[in-house]
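Novice: Listed below, chain by chain, are the residues.
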Amino acid sequence: MNAPDIKMIKIGTASCGLAAGADEVLKYLRENLKDTRIEEVGCIGHCYAEPLVEIETASGSFLYGNVEPKQELLDKILACDTEACLKLRSERTQKECLKVTALAGKIVPTDIDEYMTEGGYKALTKAISMSSADVVDEVKKSGLRGRGGGGFPTGIKWSFLAAKEAEEKILICNADEGDPGAFMDRSLMESVPHQMLEGMLIAAHATGATKLFIYCRAEYPLAIKNLSIAINQIKERKLNENINGRTLDIIIKEGAGAFVCGEETALIASLEGKRGTPRYRPPFPTDKGWSGYPTMINNVETFANIPIIIAEGAEAYASLGTEKSKGTKLFALAGDLEYPGLVEVPMGITLAEIVFDIGGADRNNVKAVQTGGPSGGCIPVEHFDVAVDYDSLGALGAIMGSGGLIVIGKNRCMVETARYFLDFTHRESCGKCTFCRVGTKRMFESLERITGGEGTQEDIEFLEDISVKIKKGSLCGLGQTAPNPVLSTLRYFRNEYENHVNNKQCEALQCNALLDLTVNQDKCIKCKLCIKNCPVNAVSDDFIIDNSKCTRCNTCIEVCPKNAISRVKRGEGFYSDAEVNCG
Amino acid sequence: MQDGENTMDGNYACLEEMGKEKSYLIKGLQSVQKHAGFISDDAIKAVAGYFSMPEAEVEGVVSFYAQFKRTQPGKYQISVCDGTACHIKGSSLIIEWVSTELNINNGETDKDGLFSLETVACLGCCSLAPVMSVNGKVFGKLDRKSMIKILKEYRNK
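Heads up: the sequence lines are chains A and B, in that order. Numbering-wise, the first sequence is residues 1 to 583 according to the numbering used here. Numbering-wise, the second sequence is residues 1 to 157 according to the numbering used here.
Please keep in mind that the hints were generated in silico from the structure rather than gathered at the bench. For every residue, glycine included, the Cβ atom is placed at its ideal position computed from N, Cα and C. Some clues are possibly wrong.
Unchecked claim - Computed footprint of chain B on chain A; a stretch qualifies when at least three of its residues, placed anywhere within it, have a C-beta under 8 Å from a C-beta of chain B:
#, stretch
1, 14 to 24
2, 61 to 73
3, 259 to 273
4, 553 to 562
Using the sequences and the accompanying hints, generate a full structural model.
Specialist: Okay, structure coming up:
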C-alpha cells in the first residue's frame, strides 16, 4: 500500500512520544506504507495528545493525535481525513509564542541539512563575521537572563569570561535538568539539538572559550544520542573549525544522578570526576573553574535562545517580555490539568493564562501551582493574575526556576507536597554543610510527623525557625532554597498545617494516617473484587473495611468497578480495634 | 585477587578506551556498570588500579551518585518515577503496588533475580504521569491494572 499524495509522514518520537507508544506506531506505519517517506521528529509540546502523527501533503499538513497502530489510523492518513485531525485549541495557539521551540517537532532532529534549510547556523556565520565584543554586547542588549533558574544576565556572564586571559577557557552547557517535574531541556536537546549547539559555538566565539562540555543527565539517553549525532555532523561540516583560531571539540559528559550537580561548582567537581560537592565562592568559576581554568556555565535553554538573538538582533528579541525579563520562557506544564505539555510563552503572561487558558485546568478545582521544583515555592490561585517574570515570582515567595510548573488540584494536600520536596532535598543534600545535611533531615522528620498524625504545634514553629537557619547556613543553592516549599506552603496554607496538627484531619484526604476507607453499601454490587485483592484481608465478608488492618494502599478503590469505596475523614470508618477509633 | 589481571582483560577492558586522567573516573565507572550491571568490589579495585587512586576514593565517588549500584540488579530493572508530577498523580501508590506484586521493597531485587525495583527522581515524561520504566522503556498513564499487565508481560518473556 502506498499513499501517492503524501509527501512525508512525521512521527514525534521524543521520550514522551515513545512513552505513549510512538515506536509501535512508527513500526506499524513503516510496515504498511513502505513507499512513503516516514521521519521521526521531536516534540511539538502537545504531550497530552501523544503519540502524534503529522501528514504533509501538497494541500497542507494534517496532525493526528492519540493515534494507535491500527488500520483506523491508516484509513485516516490515506484519506487525509480532516475531520479526525487534532484541533489545536485557539486558547493555546493565541497565547503561545514559539521562538525557541519553533522548529521542535517540525524538523528531523538529527538532520543538519533540514536545520540549515530552516536558517540554522546562519546566526553562527553572522556572529563570526562580528567581533567577539560585539556579540557579547548584542547578548547584553537582548536582556537575556539565565534560563536555568538563577536569572543572571547572560551577556554580563559572557563578558566575565571574555575578559579573562588564559591558555584554556572552558564553556559548559548545564544539561543536568534535575528538578523533578521539568522537561524543557530534555525536549530541546531531543528535538533541536543543533540549535543549542549553535548557541554554544556562538558563545565560544564571543568569549574565546577553547573547550566545550555538555553535562547531561544519564536519565536522558535519547538527548545524549541526538546530541552526539549532531556534534559529529558539526565536525563533518567543519562548523567547529576556525573559531578563535582553533578547532573546538564538544564533549558530552553524562551525569550520574545527583541533584546538587546542577549547582555550578558541584557540576565542575563532577566534570573533574569527583564527588559533586559545591565549594565556597569566590573564586567564581569565571576566575577559577574546571581544572583551574576560567569557566562559564549556561543552561540548555539559554544557549538555545542565542541563535535567535543573533539572527533577529537584540532589539527585536527584547521587544518581547517585561521590563526586566525579556524574550520567551518554556514551561513544562504537568499535574492536575487537562492539557499537559511543553509551552513557550512570552515573559509577562499571567499564570492564569498559562494554567487555565493554555493548560485547560478546571478553574474550580485548582488550589495552587508549584514553580521551580524543590527550590521553588507554591503560588495560590488568588495570585494567578501575576505577570510571570523573574522578579514578580520571587516577590510571591516562589521562583521562576527552570520552568517546571506543576498544577496542584484542590484534592491534594499541601503539607504532603512540602513533605515530598523535603524528602527529595534531604536525600540529595551533599552533606557538606551541617545546616543543610542535618536541618533538611529534621525538617523532613517534622513533616513526616505532621502528615503521620503525630505532629504538634511545636513542629510548625520548629519548621519556621530551622528554615531561616538552613537558608543562612548553607553554601549552595540547594540548601539556600530547600526550605522554600515549606515556607511558601506555610505562608499560604497554614490552615492545612494546623488542621493536621490540631484536629488530626487532612482536608484533602491524602495523608494516610488521617483518613479512613469505607464502602458505600448502596453502590456496592458484592462482586468481592475488593475482598480478593486486599493484601491484608481488611475487607470482611459483609463488605466492611476494617481500618485497624487497612494499610490505605488503595487497591480496593482501584479494583472496585462501581467506585463504591472512598476515602473519608479519620474516624468515620469502621475500626475493629475500638481504641484506635478515638481520633 | 589472583585473577586481577585476567579481569582487567575481560570485564574491565572497557576502561582501556579512555584516558587515565582522573576526570574520566565517572565515565569509567559508568562503562563498567554498563558492562557488568553493577559495581562489584572487584570493579572498585580494578578501577582504582587503572586510575592509580585509592580504592576509598573510588568508593567515595560511587556512593555519592545515585546511578551507581553496588549489588547485582534483576534482569528487568523497574524504575518508578517519583518526580513532582508523578507524585501528585499518585506514584507512591504505584511503588506500593509494584512492591506488593513482586514482594520486594524499594531498592531490592527479587529472589529469582528477575525484577529489581527502584524509585527515580524524574524521567522527564511528566505529561504522562504517573510513569515507570522497565530497562529504560517508559510506560505512562499507569494505574494498578496496567502496571500488573506490564509486569506480567515481562515475567512471561
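Novice: Which hints from the list above does the structure break, by number from lowest to highest?
Specialist: Failing hint: just 2.
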